[in-house]
Each structure stands twice: as C-alpha cells, then as structure tokens.
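Residue numbers (the working numbering), protein chains in the order written: chain A, 697 to 1001; chain B, 697 to 1001.
None of these hints come from the bench; they were simulated from the model. Check each hint, because a few of them may be wrong.
Since copy identity is lost for identical chains, a pair holds within one copy or between any two.
[To be verified] Under the rule of at most 30 Å between Cα atoms (straight-line distance), these lysine-lysine pairs were calculated in the BS3-like manner: (1) K981 with K724; (2) K784 with K805; (3) K890 with K784.
Protein chains: 2
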Amino acid sequence: MNKITIHSPATVANIVCGFDILGFALNKPNDTITLSISDKVGVEIINEDDFNLPTQAEDNVCGAALLALLEETPEINGFKLISKKNIKPGSGIGSSAASAAGVVFAANKLLNNKYTNADLVRFAMNGEKVASGVKHADNIAPAIYGGVTLIRSIHPLDIIKINAPELHVTVIHPQIEVRTSDARQILKQNILLKNAIKQWGNIAALVAGFINHDYDLIGRSLEDVIIEPVRSILIPGFDEVKKKCKEVGALGGGISGSGPSIFMLSQNANTARVVENVMKGIYNKIGVDFQTHVTTINQEGCKVI
Amino acid sequence: MNKITIHSPATVANIVCGFDILGFALNKPNDTITLSISDKVGVEIINEDDFNLPTQAEDNVCGAALLALLEETPEINGFKLISKKNIKPGSGIGSSAASAAGVVFAANKLLNNKYTNADLVRFAMNGEKVASGVKHADNIAPAIYGGVTLIRSIHPLDIIKINAPELHVTVIHPQIEVRTSDARQILKQNILLKNAIKQWGNIAALVAGFINHDYDLIGRSLEDVIIEPVRSILIPGFDEVKKKCKEVGALGGGISGSGPSIFMLSQNANTARVVENVMKGIYNKIGVDFQTHVTTINQEGCKVI
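The shape of chain A in the complex, shown without the other chains:
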C-alpha cells in the first residue's frame, strides 16, 4: 500500500476544569486526508478546500508534522498529501490537530504501523507548534487515541485513555475570531492556591465521574474557576449559553479549546438537540453568525476510509 485516505476528527480540548490536560474526539466534523509515499524529498501539499492554507511544508501544520516523522524515517524520501478540511481553522475544535494527527496516522498506516500512538502524538505536536506556537497535545491525543484522553505529562509524554460513558455533544461556533495565541496571552501566570485546589477537586471528580459513568458527578464537576472567567470575556453570549443550556438539561460545558466554540455535554440525543436550539436562539438574538454540530464522543479517533 502506498496511498491511503483517512478521516481525522474534530476534538474538544480543556474540557472545562481540564485545562491543558483533558480532551475528547467528536464523531463530526472530520477532515479528509489522502496521503501517498513519494520519491521526491520532503512533503508536497495540495489543498482541496477554500481555506487558503500554506503549501510550503515547514509553514503548514500537516507539513511540519510529516517532516518530524520523516526525520526518523530514513527509508522513505517524502509524501504527497491531498487535504480537504471540513473543520474550520480557528474554530476551537482542533482544526490544526486534525491535520497534524491525521497525516501522521495516515503515514503510519503506509509504514505498516511502524510507530506507537505516543510516537504519533510526538510527531504531530510539531504541527501544533506551527499553528499556535506551542507544542500542546490536548487535541492531538484524542484525535489519535479516540475517546477521552488525559495528558498527565508532556515531558515525558504520558497519555491515559479515560473510559467515559455515552455522551452527546452540542457545539456552537460563533463566527468571530479568537486567536489561540491571544487566548493564551490573557491568562494570568499566577493563580490563587485556593482556586487551584477547587480546580483539582473538580478535575479529580470529573475523571471519577467519567470512569464510574456517574452523570450527576460529571455535571457537578464541570466547573472552571481559573481559565473560563478570563477567557469567556472574549466570547459574546457565553454566560447566557451556559446558563440556559443547563436549564434545559445539559450536564454542563464550557469553552472548547481556546474558543470561540462553546460545547455542552448531554446524557441523551434529544437533550443535545434542545441545547442546539437554545444556542441558536441566543446567537440569533445577538446577531452573530454561527455553525452548530450535534454529535457524540468518537471512541476510535482517526480512521481509514
């Protein structure tokens, strides 16, 4: 096999109290990536979408991830990549991670699974660095492993798959720009110990709620006293969305990644649809364009199609 087509999923990072450590994959939207081994040195990139992304390998998320993989793969010269993105860049649902994770996942299939998932995360983080300046793994890990993933540590890389129950996800992407780098810069470098204690109480309980399939506990633990109060200011309508969605039965939710998308978790598909209507109503009133997704947690991550 020297050519493959895969789907790479959108992902939600941070999961409220899980800033920088917790993420999950979504069953839609997906990017479609076709990759082939090439005799030419380096990475040739063809974009089949309207996002006008760079085609120079080192400036491109997919390119940077594949170059990192190629450095440890002397047996081949390069790759040819055809990318068709459905996940809008800048949406906050892991568009760059879907690119970076998808290409190294595809490359690994072409290389007969030479690399471990942990290796793939390591390569893909070079793509994230192109996108946001930071080698973070909280979107890449769920895109590759599927399900809910916990990143205990980046150095050394330590990723744990968390066995969560069936969860329905509603996402709204208000069509405003929140740059990841700006969203990082407004965070305070120092925080109060007492707030950190609240946060680690919630994250510990959220993980217990996931593993024990305790929906009530998941709902009670979806609280962020550190990041959300700062970042939500960048997202018009955030507080109202959160309040009203919980009133109609959502377990809870918050900013997806660094925004501007907002996600809500629900125990069943019907509630997730009602939540979507509540979100639409609020953004129609505000007068900001939006896109919504109603989906579930994707348990397998990237997959060959």
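Could you slot chain B onto chain A? The hints should help.
For chain B alone, coordinates are given in the frame of chain A:
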C-alpha cells in the same frame, strides 16, 4: 442502646498531589472511644491516655464535634465520653480527625443512624477547627467513609468514595513537632499556573490509577510540585526517605497531612516491610526518634467494637 465503644482510624490526608482534597484511612493505629447518652447538658470528657488533652467541651476536638451535633439534636441533653487515644496528636496521621469523626460516628449509632455520613462530616469539621483553626474534611471524610475519599467541594460538601486497589502503607512518624498552623502559613498563596497544570494532570491520573487498579499509573502520578517542595523543608531526611523507598520498590508517597509523618505506598506487604527498614535506617542515622506503622488501607472507616 445508650452506650457504645468504637474504633476510629488514623488517616493520611493530601496524598501527595491531592492537597486538601484526597485522603485515605489506615487499618492501624486506632483510637478507642466509649460514648453514652447523658441526662446532663453538654459533653463530659474523660481522657484515659497520657496526652493531657483539654476536658472543657468547647476546647476539645471531640467536645466541639459533639456540641455541633447536639445543636441539631434537641431530643437529648448531652454525652459522656471516655477517650483512649493511640494516635499521637501532632503526628500528621489525623489524630484530631479520629477524635472528631469517632465521636460523631458513635453518637449516630446511639441515635439509630439519624444522620447521613455527610452530616457526620459536617459536625466533625467543628472538631478540626478546634485543632487547626480550619474546618477541613480531608482526614474526617476517610475516617467516616473508609477507603480513599475525594472531597470535590466543601461548600457545598461533596464527597466521593474512590474505589482503590489493595495498597500497603508504611508510615514513619519522626518525633519532631510540625504544627498544622505553621505548615499552612509557609505555603504561598499564589502559585504558577504551569505548576497547577502539572498538579491537576497528576491528581486526575492518580484517581484514574486508583479506580482502574493501575499500580504503575498510581506510582507515576504520586508527584507534588507545589506543596511538598515547601513543606518538606520542615522534615529532616524527607528527600532521602522518598528516594531510597522508591529504589526498594515503593510506588511513591510523601508528607502525611501537614507532617511530620511520611507515608509510602507499596503493592505488597513484603515491600512495605522493606520500606519500613529503609525509613528506620535513615532516621537512626539522623538521630531523630521515630515510630513506624506498616498497615493497609482501611475500607470501612470507624467501626463498632
């Protein structure tokens, strides 16, 4: 029944990365408490040990906890209490919590289980306030619930029992004084966000390790980048104990509560004994007197005997 005798267990609070939210109960040592309902108003206290604790109810840990319970229990006038403590006050293994939890547990038995475990924690926290000035529950919760307990929140009180695997515990109590109030005061009120992120990665992974009975993950997650670097300075030999105990097979460990006791977790009884010998060797060399305990996690908490 109007008289009862119970055992109340020692407990380890904080569990390395679980500062203020995580604790577990030990199978030894135990305090022995005999409680009876009395016609006299208030709490009469008889101490059958050599610790010379106050006998005025409002100045005594047991007394304060029982007075809080009596306030909501108009059907009785008071209690008579005989306390025989085996858990040394100031040891860092929940001596005051054993008193406070034990008396309200015993009272509840005399009252035919009128109150929930959460109520008992609420009453007992008044005893902790007498001991340390702070109404914390991280020793009281495991003493009452047994096993490993997570306190997601104090206001409102939200306690989750974490289903941990069999774990062997070695504790050394160096006979030096570290006052809880001093140990609290030396903590910085502000911490770095990047350290807090490491901490919540570890606590999330530790809880996952406990519930999934993953000993390796438990070991990797027993890391504290915030409290231990500050507090361990108060405990001579701390770094050497930790390093050498891990070298002989301990999963990990740290300061018990606010110290001076140090605890280590092991996967089997034999390792826990080897760990004890390592600890003894280090403190013999330093020339500080000590007491050790080799035990297991107590799954039931306080119990009637």
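Requested in this report: With 30 Å as the alpha-carbon cut-off, assign the pair K981 and K724 to within, between, both or neither.
Outcome: Intra 26 Å, inter 63 Å, cutoff 30 Å: intra-copy only.
Report task. Please work out whether the CA atoms of K890 and K784 approach to 30 Å or closer within one copy, between two copies, in both situations, or in neither? Result -> Between copies only: 29 Å across chains, 37 Å inside a chain, cut-off 30 Å.
Query raised in the report: Between copies, within a copy, both or neither: which fits K784 and K805 at Cα up to 30 Å?
Result: within (26 Å within a copy, 61 Å between copies)
Violated hints: none; the structure is consistent with every hint.
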